[in-house]
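*Asks:* As a plain string of letters, each chain reads:
Number of protein chains: 4
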Amino acid sequence: MVKVKIIGAGGFGGVGAVELLTRHPEAEIVCLQDITDIGTPISALYPHLAGYCDLEIVDGEGQRAKEPVDVVFLATPDGVGMKIAPQYIDAGVKVIDYSGDFRFDSQEDYAEYAGRIGRDKVHASSALLEQSVYGLTELHRGDINRDRMIVGNPGCFAVSCLLALAPAAAKRLIEPRSIICDCKTGVSGAGKKPNAAFHYPARYEMMNAYRLTGHQHVCEIERELSLLAGQSVVITFTAQVVPVCRGIMSSVYADLKSPTKGEELVDAYREYYTDEPFVRVLDRKAVVGSMHVRGTNRCLLVVDVDERVNRLRVISYIDNLVKGQAGSAVQNMNRLFGLEESTGFTAPSQYP
Amino acid sequence: MVKVKIIGAGGFGGVGAVELLTRHPEAEIVCLQDITDIGTPISALYPHLAGYCDLEIVDGEGQRAKEPVDVVFLATPDGVGMKIAPQYIDAGVKVIDYSGDFRFDSQEDYAEYAGRIGRDKVHASSALLEQSVYGLTELHRGDINRDRMIVGNPGCFAVSCLLALAPAAAKRLIEPRSIICDCKTGVSGAGKKPNAAFHYPARYEMMNAYRLTGHQHVCEIERELSLLAGQSVVITFTAQVVPVCRGIMSSVYADLKSPTKGEELVDAYREYYTDEPFVRVLDRKAVVGSMHVRGTNRCLLVVDVDERVNRLRVISYIDNLVKGQAGSAVQNMNRLFGLEESTGFTAPSQYP
Amino acid sequence: MVKVKIIGAGGFGGVGAVELLTRHPEAEIVCLQDITDIGTPISALYPHLAGYCDLEIVDGEGQRAKEPVDVVFLATPDGVGMKIAPQYIDAGVKVIDYSGDFRFDSQEDYAEYAGRIGRDKVHASSALLEQSVYGLTELHRGDINRDRMIVGNPGCFAVSCLLALAPAAAKRLIEPRSIICDCKTGVSGAGKKPNAAFHYPARYEMMNAYRLTGHQHVCEIERELSLLAGQSVVITFTAQVVPVCRGIMSSVYADLKSPTKGEELVDAYREYYTDEPFVRVLDRKAVVGSMHVRGTNRCLLVVDVDERVNRLRVISYIDNLVKGQAGSAVQNMNRLFGLEESTGFTAPSQYP
Amino acid sequence: MVKVKIIGAGGFGGVGAVELLTRHPEAEIVCLQDITDIGTPISALYPHLAGYCDLEIVDGEGQRAKEPVDVVFLATPDGVGMKIAPQYIDAGVKVIDYSGDFRFDSQEDYAEYAGRIGRDKVHASSALLEQSVYGLTELHRGDINRDRMIVGNPGCFAVSCLLALAPAAAKRLIEPRSIICDCKTGVSGAGKKPNAAFHYPARYEMMNAYRLTGHQHVCEIERELSLLAGQSVVITFTAQVVPVCRGIMSSVYADLKSPTKGEELVDAYREYYTDEPFVRVLDRKAVVGSMHVRGTNRCLLVVDVDERVNRLRVISYIDNLVKGQAGSAVQNMNRLFGLEESTGFTAPSQYP
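Chains as they are written, first to last, in our numbering: chain L, 1 to 352; chain E, 1001 to 1352; chain B, 2001 to 2352; chain P, 3001 to 3352.
Just chain L, same shape as in the assembly (with noise of 0.2 Å):
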């Protein structure tokens, strides 16, 4: 068995890993630490973990807190992990970090990052940014294995746009500073924290484009196509919200090197991603949406091209807080332990 530790466990990062946790075959949750409601089971937080997991929240001081665990999962905001990883990792805890602190490679990535969410562009931690990995599976599982010891879990868009055009950036098909990612989330993306955007009234009927002048996601799609690509990628992405609770829908448009025809786009789409347990290629006449990956930790990947301009499009569909977070860290968890990648996920999500 495994034996996890969740950092930042009363929030939906939190709460997202111990439902997965709690069903996992071989994981056990043993320390639900926070900063907030210590002393307060997770199930009075969340009523519905009753009887599945009714651990206490403690803080980073108690005894609870030093009991040996095997994986740290840092669901924490950014500025938090590049803290306390060093000392998990010098204990040899592994860490997956859910925040932007360990998705870079370089001190000079990261200060990039930093400077557009406006924290201090020096990494506390930059020793460790060699020693990580960028955590998307699907683009990185090679180096996600018993080795490693952390991990940079990726941002939510991220994942919806990078598994929609991995396969266009890693076979060259598409021009590099042609690409646009139009993207549309969930509320639940952006956390437990009450907010005026995002206050039932003001938003049961509200679709908006926000952070138009740059969104920190933005960088790490951009390394990642690059190195795809073999080139410099330079992408124009917009995000939006819209009022469901879950899922992100991403529409990608790339123009085509070379005249391509949809049926070829989707081959190519299919042969990238065959044998892929989570991800699903469709071609343009699916009849799907993001209630049909809810709960899952699914991609859905609707490959199309416009035949006319000879320009890519690609709708991605994914559970934000599934494979845009504790999905996501989970499958990571079970690749650091040699596990089956798809472990723990063997229960179908619920509909409607």
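Calculated from the structure, these hints are not laboratory results.
You may find that some hints are simply not true.
Distance condition first, Cα-Cα at most 27 Å in a straight line; then the derived DSSO-like pairs of lysine-lysine [said to hold, decoys possible]: (1) E:Lys-1192 <-> P:Lys-3193; (2) P:Lys-3285 <-> L:Lys-192; (3) P:Lys-3193 <-> P:Lys-3171; (4) E:Lys-1121 <-> L:Lys-193; (5) B:Lys-2003 <-> B:Lys-2121; (6) P:Lys-3171 <-> P:Lys-3257; (7) L:Lys-257 <-> P:Lys-3066; (8) E:Lys-1257 <-> B:Lys-2192; (9) B:Lys-2192 <-> L:Lys-193; (10) B:Lys-2121 <-> E:Lys-1285; (11) P:Lys-3171 <-> P:Lys-3003; (12) P:Lys-3083 <-> L:Lys-285; (13) B:Lys-2285 <-> P:Lys-3193; (14) E:Lys-1192 <-> P:Lys-3121; (15) P:Lys-3171 <-> P:Lys-3192; (16) P:Lys-3285 <-> B:Lys-2193; (17) P:Lys-3285 <-> L:Lys-193; (18) E:Lys-1003 <-> L:Lys-192.
Here are some chain E residues pointing at chain B (derived, C-beta under 8 Å) [unchecked claim]: (19) Tyr-1052; (20) Val-1244; (21) Lys-1257; (22) Thr-1260; (23) Lys-1261; (24) Arg-1308.
Virtual Cβ for every residue (Gly too), placed ideally from N, Cα, C.
Could you slot chains E, B and P onto chain L? The hints should help.
*Replies:* Just chains E, B and P now, kept in the frame of chain L:
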């Protein structure tokens, strides 16, 4: 392994059973039958099931429909079960019927119900009525066992109201003609078929009461309460729909026969429901709601007395598609085959 | 032209008044006052008002706040009106207060209310209590007139329940201790300020009862019903929130003193509300709901008797932000200045 | 007073016109015609209209349908207007058609559109095509005047995209084959008729792209942009549905021909739309969304350049039922009768 066939597999009641049974360690779905979508895999109708259950839907004629099973779930509307149940029972196959067809013990009781829903008052298999048991497990556990061949699964409103009132009725605490059940349901209770009242634009901001002239679930609620109370019970029942997908919130009221403190009533309810795996009794200070039972087989009861007028007030929360339908069916199946009653309910639901 | 100042202009209650007054042919908004967003045009806070009302929000100190007005709308929380009303009344300016500050006639009645909401039981302007009138126009029309200086605008739940019960109480048809008010409100009733309970992800599928220990609107409902019935009335009141933005659906129940047919009760209600511009009485077969009063100053009443137990049941629908708040305020303003009561309500709302 | 008949009065497009015209000081509805609900007052179908418009719906045969009118709104699906428009025009009655029947100048253009929607490519009244004008007032104001007899009201997606792109196209700023329109609509765009895709349980958490094989509004967008740009424009268009009732958010992208700053583009748009009563140009820092145009005839444009790749990005917000349909129709009516263009739009909408 219990071999299961589901008839009416393509509706919400059928797919709810598929979701629960695919995660059930002792059950195996061997046949999905319906009258539409023949030849279509259930996972084409419901893409979230892909990889978990990909059986094709069959009609009642082919080879697949003839394969031996241990139990059949009749997720079918009123009038279907009474026609097809006998053939299964004669063949030694147990039957769990979702409709009102087998919720009554006698032709007389059935006739009253049939009149309310505008159906023929003559039951097509009246001989089976005596063999059937009303499938609210918490009230009839002793009669739902290995020897039983047929269960009439309860109506969703009835589940919420009966669990809210059973302790008070059984303990003879309330006046039998003072009971009011004010019930609010989510839209999924109306099933999968589109309808003007449940069209998104007509519903997203719509609350309304309906069928004030008489709701069919009243019959079974009054029958069960009368049995518990040992005297004739007559209720006032109001059905209302609000724009949620899943959930029932029933507020029930009744005059208490003698002055009672809120805490006393809470204690009485807790005693009555001792050891119940799916019922949880809370006092008036509890901060809970329908989202806390969403996707689960649980019932939350907030038990209270308005001491100024000595009136019982209980707020009852269930998921209409689980404890109100497929979950109760699986709970009953577990008992019919001598399994632990909570088998298959080992994973938490997902929030938010 | 009636010159109007709105204090608390930036909240939902303030903006609701702005919307109604900009389309009112006999009123003119001359000042919008608040304690936040000073200097911001109301149309920057609420872009839908751009071009219709672009006044800047001012604090109480500047020149603008001193301009002469005929009436001030106090769209402010409990405790504010009692402090600032006297200065306006002394200056000959009429006051319409949204809070509970002026809903009571006496210091004693106020004290009970203040206790429920945890405020100081001593009213800061108790001398004004006698001068104030309870502003449910349909019940106190005669006292809301040109001679009146101050109105205590009613609570939203109270509007829905009192209109549902007034005819039965006034005609002495119901048992005074048998009344139950089961009320469901939309989220906008809680105002503009974000809150964990009204965060979109926590609310979109959430129904729940709250404040079972006692809701403050009970005081005014019982007081008014007692006045109408000529005897002491005690009610059981349940407040519930469901995921709609606008609307209240209250289901009220009471034992009828003598056997009554449904049609008789409908007739009695229709007689009582003859010529009321905003109340419409329907029988149990009506197919209506909260969307049909959305954005309007109307109350729809579905009047019914459960004849088996001789119990009155009325379903009452209002828009909590209009008839439950700003609409009643404008209706009262019309009366205070001798205008036709429905002035300014000449356009239909929008559906869906 | 302009006397108006509405055909197709019972649908969302019809009722939207009724709402706007009842508040219009220079218009009078004299006849509501449809093919269903004959004899039913519109206020029985839509109770919010009671007291504002209680006309009975008539068929085309009776006396009422023969009363003289000045203009007829054809709130009817494709194929209806082309059959009945001639009789009105011959009688000197102006026609505003909501469908695609009169959006095209020539039989050739119509045939392409008809092919996309699977209709007969031969127009039943092709002689009228030359007489008709495309009714996006902002683009064809000069041709929508007292002399004009027939207007082809624009498609809702087309309104949002054309207003977003017209200045850039007219000023020849963008590459004509680089345009992408990523559009998200609320559910009311699909009309009143229930449908599996818009059933509340299937929609409340559902985002999806649809009709990727080709949306019919592409024809009119390309035709208008080509006219503006003076060269052939080909767009990539993606239609998506999200769970809001009202609203369209279109994000449009195009490559700029020469390096352009964001502020320059904002200025160019503001100049183009100087004095437009219903279009408002904002820069990338604006915090706005679909709720801010809800219920109004306005279009909000957030104008931006992704300067790293020199790509135009405009986010366009409209209410699909107002500016996208009935509001544009009334705006056109105003022009057809020489009224001030914004007549009847004098009241703000309601928020939230």
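*Asks:* Each of the hints needs a verdict: does it hold here or not?
*Replies:* How the hints compare with the structure:
With a CA separation close to 16 Å, the supplied pair Lys-1192 of chain E and Lys-3193 of chain P stays within the 27 Å bound. The straight-line distance between the Cα atoms of Lys-3285 of chain P and Lys-192 of chain L is roughly 25 Å, inside the 27 Å bound, and the hint therefore holds. For the suggested pair Lys-3193 of chain P and Lys-3171 of chain P, the alpha carbons sit about 41 Å apart, so the restraint of at most 27 Å is broken. Note on Lys-1121 of chain E and Lys-193 of chain L: the hinted pairing is violated, with a Cα-Cα distance of about 55 Å set against a maximum of 27 Å.
Straight-line distance between C-alpha atoms of Lys-2003 of chain B and Lys-2121 of chain B comes to about 34 Å, which puts the hinted pair past the 27 Å bound. The suggested pairing of Lys-3171 of chain P with Lys-3257 of chain P holds, with an alpha-carbon distance near 11 Å, which does not exceed 27 Å. At most 27 Å may separate the alpha-carbon atoms for a hinted pair to count; Lys-257 of chain L and Lys-3066 of chain P exceed this at roughly 61 Å. Of the supplied pair hints, the one linking Lys-1257 of chain E and Lys-2192 of chain B is violated, its CA atoms being roughly 44 Å apart against a limit of 27 Å.
Pair hint Lys-2192 of chain B plus Lys-193 of chain L holds up; C-alpha atoms about 16 Å apart against a cutoff of 27 Å. Of the supplied pair hints, the one linking Lys-2121 of chain B and Lys-1285 of chain E holds, its CA atoms being roughly 24 Å apart against a limit of 27 Å. In summary, the hint linking Lys-3171 of chain P to Lys-3003 of chain P is not supported, as the alpha carbons are separated by about 40 Å, beyond the 27 Å threshold. Taking the CA atoms of Lys-3083 of chain P and Lys-285 of chain L, the gap is about 33 Å. The hint is violated against a cut of 27 Å.
At roughly 23 Å between alpha-carbon atoms, Lys-2285 of chain B and Lys-3193 of chain P fall within 27 Å of each other, so this suggested pair holds. Annotation: proposed proximity of Lys-1192 of chain E to Lys-3121 of chain P is violated, straight-line Cα distance about 36 Å (limit 27 Å). Note on Lys-3171 of chain P and Lys-3192 of chain P: the hinted pairing is violated, with a Cα-Cα distance of about 39 Å set against a maximum of 27 Å. Annotation: proposed proximity of Lys-3285 of chain P to Lys-2193 of chain B holds, straight-line Cα distance about 23 Å (limit 27 Å).
Proximity of Lys-3285 of chain P to Lys-193 of chain L is assessed by CA-CA distance (about 23 Å); at most 27 Å being required, the pair is judged to hold. For the given pair, Lys-1003 of chain E sits about 42 Å from Lys-192 of chain L by alpha-carbon distance, which is inconsistent with the 27 Å threshold. About 23 Å separates the beta-carbon of Tyr-1052 of chain E from the nearest beta-carbon of chain B, more than 8 Å, and the hint is not met. Annotation: Val-1244 of chain E was flagged as interfacial toward chain B, and the flag holds, the nearest CB pair being 5 Å apart, inside 8 Å.
The criterion of a C-beta within 8 Å of any C-beta in chain B is not met by Lys-1257 of chain E, whose closest approach is roughly 15 Å, and the hint is violated. Proximity of Thr-1260 of chain E to chain B is violated relative to the hint, the smallest CB-CB distance being about 14 Å (cut-off 8 Å). Nearest Cβ of chain B to the Cβ of Lys-1261 of chain E: about 14 Å, over the 8 Å cut. The hint is violated. Hint status for Arg-1308 of chain E: holds, given a least beta-carbon distance of 6 Å to chain B, under 8 Å.
In the structure shown, a violation is registered for the earlier hints numbered 3, 4, 5, 7, 8, 11, 12, 14, 15, 18, 19, 21, 22, 23, in ascending order.
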